[in-house]
Amino acid sequence: MDSFLSSIYRNINLTVFVREQGGQFKPCSPLPDWLVFFLAKQSDLGRYNLVEAFPYLSCFIEDAEQHWQAKYSKPLSSGVWIEIDELEHELPLEACVMWVDGQEVLLLQQLGEKYTHDLSRLQQVRNSLLTQEMLESEVKRRTLEIRKREEEIAIKLVSLTSLRDEETGAHVRRIGLYAAVMAKALAWNAEDIDTIRVAAPMHDIGKIGIPDRILRKSGVLNDEEFNVMKKHTEIGAAMLRGTKIPILNMAADIALNHHERWDGTGYPRGLADEAIPMSARITTIVDIYDALVHERVYKKAIPEEEALNLMREMAGRHLDPHLLKLFLSLLPAMRRIRLEVQEVNEEAQEGEVLEEICV
Amino acid sequence: MVLQKKICLLGAFSVGKTSLIQRYVNQLFSEKYLTTVGVKIDKKQVTVGNTALSLMVWDLAGEDDFTQIRSAHLRGLSGYIVVIDGTRQNSFTVALALHERVRTELGQVPAVFALNKSDLKDQWLISHEQIRTLAQLGYPVIETSAKLGLGVEEVFMGLARQLVPEKVN
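Chains as they are written, first to last, in the UniProt record's numbering: chain A, 1 to 359; chain B, 1 to 169.
Hints were generated in silico from the structure; no laboratory data involved.
It should be emphasised that the depicted structure is a prediction, and the values quoted were computed from it without experimental measurement.
It is possible that some hints are incorrect.
Each computed DSS-like pair below joins lysine-lysine, with the alpha-carbon atoms no more than 25 Å apart [stated by the list, open to error]:
| # | chain 1 | residue 1 | chain 2 | residue 2 |
| --- | --- | --- | --- | --- |
| 1 | A | K41 | B | K44 |
| 2 | A | K230 | A | K300 |
| 3 | B | K32 | B | K43 |
| 4 | B | K32 | A | K41 |
| 5 | A | K26 | A | K41 |
| 6 | B | K121 | A | K140 |
| 7 | A | K26 | A | K71 |
| 8 | A | K41 | B | K121 |
| 9 | A | K148 | B | K121 |
Chain B extracted, bound-state conformation (with noise of 0.2 Å):
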């Protein structure tokens, strides 16, 4: 049996929300910015223990002043992942208002916070006070870069992880 599962990718624009799906899904990776508008939803069939998941990740536009992230998008959420740009501070402050307004819409729901941008880590901004509130929430905290691969897997995996039922398992 095949368990579908809906996850999200949530954070501010350009944090990179895409190139993380499409380093997970497409094992690409394209250093140009191009912003995402509406939303776009891969596929990836991942295993965990002997449960066999098919992850529909929706790619949402990432959230700025002109663009809104619709509740009705987060309807049959089974999980998500919060995405920050260690070099820009503004996109911390953003994944903590989407968690909170996720939590406040869907109650507790199975996250991963991603630290994106691991490869130019001598740039980050994001301090190491933000990160342990982070960690303080009690969601994993995956430094990645979608650039070199790097904590891609962990993120996706350590979200999957949480969404199959331990009797499951």
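One chain only, chain A, in its complex shape (with noise of 0.2 Å):
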């Protein structure tokens, strides 16, 4: 052999191999060293199993096969294994197949230096890899944290007005989980449901401005005493606005918003339309719903298909008629939200309910 050639085989650790007819293994360059002890338990006729010898190739060899058979000169990889050789040192190896000048050849390279650098420049990629998603986890744990803080204060102020008015703790509880049925099904992000399920609880929270003898009245209000009411959305709004909390700021959106009408003749701006955000065209369908199907101090409640029925004539005038009819599809998640969420035990059923939509 040329000697030439055998020094650049052996400079870069390769052995050129021809298959044979029985699918041995010719080597057609000198074997280097640390071939040897792979190959030492072979016959000495100076044909080889490579395929018993490196067990990796077992997967390569029918890729091989191909290859050859269509006369490809063009080199195809096995990829990179590892072996142990005898001084229990890592050898990285690779083989290449290729058809030459009618023969099957194999070639079988000790990678050495080249596998080290990309080791090591992988491991640099990896371990950058492994700190990005520590970082990232550790920004989700503390923003879910901030996003837990956030949701107690905002709870904190809707039972501020609790105390006043006469809505129950059950019922804004319910509001949110209502609005949050109805944000999933509208494929809102995972972010901006649980932010309405907290927002929309706080759409009457400007009720606390309101004088108790308004408040509190039994009677029908007068036109001035509504006048008055009516200014819960604009209190609510300023309470909650100006922050950079989203919560806050949705919950603003839908306070003030919240008595809007489809048809532009609510208030506080008679809005109509997509004009008013869809966080409190939710909101107002949500709060309609729980409102006539329950029972208050000032009235009885009425029978879901009656408020359903009072409802669909709200389409289009008092409610817009694409939420209202989502909302109705949505009916069985809505009764069992209602039906679940009930004074007693309050914050464990809420759990189990807002455990089914995050779900």
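These two chains come separately, so use the hints to put the complex back together.
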């Protein structure tokens, strides 16, 4: 053999084999010392079963066969595998097959430094990916913590109004859960679903600024009183506005707009159609539903079917007809919330329902 | 008679595939994370009932955007262990994708899910819901710690038992 070529093979740790009939491989270049260890168990006739010596090649040989049969001269790589030599060192190996001058050729290379270099580069990349993953998890964990605190504050705010008007704690919780079901059906992202769940219950928070003589009046409000009562939308919005907290921003929108009507006859600004924020349109629907089907000190509950008929009549006038249609399609979920979130043991019940919404 | 079976460990990078094999085959563990490039094959003899098995344990490089498992590596596969790092959400997603890929390419093959790093359980981000999802796939789900050697034998033996036909045993 040409000593010049042999020298090159040795320097790049490459051995050239030609496959013979019967599937044995005959080396066409000198066997390097490291390779002798792996082939030592086989006959010394100068022909070797490489698949037996290197079990990894069992997954490659099928592709190699096809490559040779197609007589491709372009090399096909096996991918890298690791063997352990007689000194317990790891040897990174790679095989390539090709068709050369009518012969089925297999090149076996010990990758050495090239492998070490690639490994080191990949190690660095993966270490940074791990750090990045860890940081992202930490950010997520802290964001959840902040969100939980925001929720606690929001719930405290809502409880302030509950002390003054006749709405119950269960009612405001249900409003949030109904709204979250609607938001999920509308394919809102998880964060926004969570936001409306907490923001919707604050829709009447402005009632805190309405005098008791009006807020707690048992009879019908006169025009002057009603005009004062209407102010709760703007008071609520003013209370909630002006922060960078998404829950409070959405809550401000809802508080301001939940008495707007689809046909533009609502208050305080007479907005119509989609000019009314969707969060408010959703809250209006679920608030009306819950108020109708539950008893209050000033009114009796009405049967659900009757309530739904009333709401259907409101479609296109008071209520967004598309969202109402969606609400009606979600009635089984709404009923579950209505039945399960009652005054007793509210937190536990809400937890269970919430888990289902999240799933 | 010794039955020779090829099994693979699959999973995202750095979930502990190599560590589990090292613990199982050589009773060793290293804290240092050394990424795997390429494939390393270890052998382990086990006995299931009256059947001797020679497990060819293929340690495949972890999956990420830079490294994809070759279909050829799955050829002749008798079973596989999908490894998830309980402290990393991403590893759960990768595990399910890999499991689905094997099912698509090979059909129903014996498998076990290893929830690794149980020694760091206070830092786990995998939820109970996700663990329930895994269990519903119908394969054993076993918590492991390559570091402490917990559950390691069970994972490999859990797979080995599935590899022995009942009539042989």
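ask   = Under the criterion that the straight-line Cα-Cα distance not exceed 25 Å, is the pair K26(A), K71(A) satisfied?
value = 19 Å, holds
inquiry  = Please verify whether K148(A) and K121(B) have alpha carbons no more than 25 Å apart.
reply    = 23 Å, holds
request  = Assess, step by step, whether the Cα of K41(A) is no farther than 25 Å from the Cα of K44(B), and give holds or violated.
outcome  = Measuring from Cα to Cα gives roughly 20 Å; hence the hint holds.
query = Is K41(A) close enough to K121(B), meaning Cα to Cα at most 25 Å?
reply = Violated. K41(A) to K121(B) sits at ~47 Å, over the 25 Å cutoff.
inquiry  = Tell me if the straight-line CA distance from K230(A) to K300(A) falls inside 25 Å.
reply    = Roughly 23 Å separates the two Cα atoms, so the pair holds.
query = Given the hinted pair K26(A) and K41(A), is their alpha-carbon gap at most 25 Å?
reply = 15 Å, holds
query = Taking 25 Å as the top limit, are the C-alpha atoms of K32(B) and K41(A) close enough?
reply = 35 Å, violated
request  = Below or equal to 25 Å on CA atoms is what counts here, so check K121(B) against K140(A).
outcome  = 18 Å, holds
ask   = Within a Cα-Cα threshold of 25 Å, do K32(B) and K43(B) meet the stated pairing?
value = 23 Å, holds
Taken one by one, the earlier hints fail for this structure at numbers 4 and 8, listed in ascending order.
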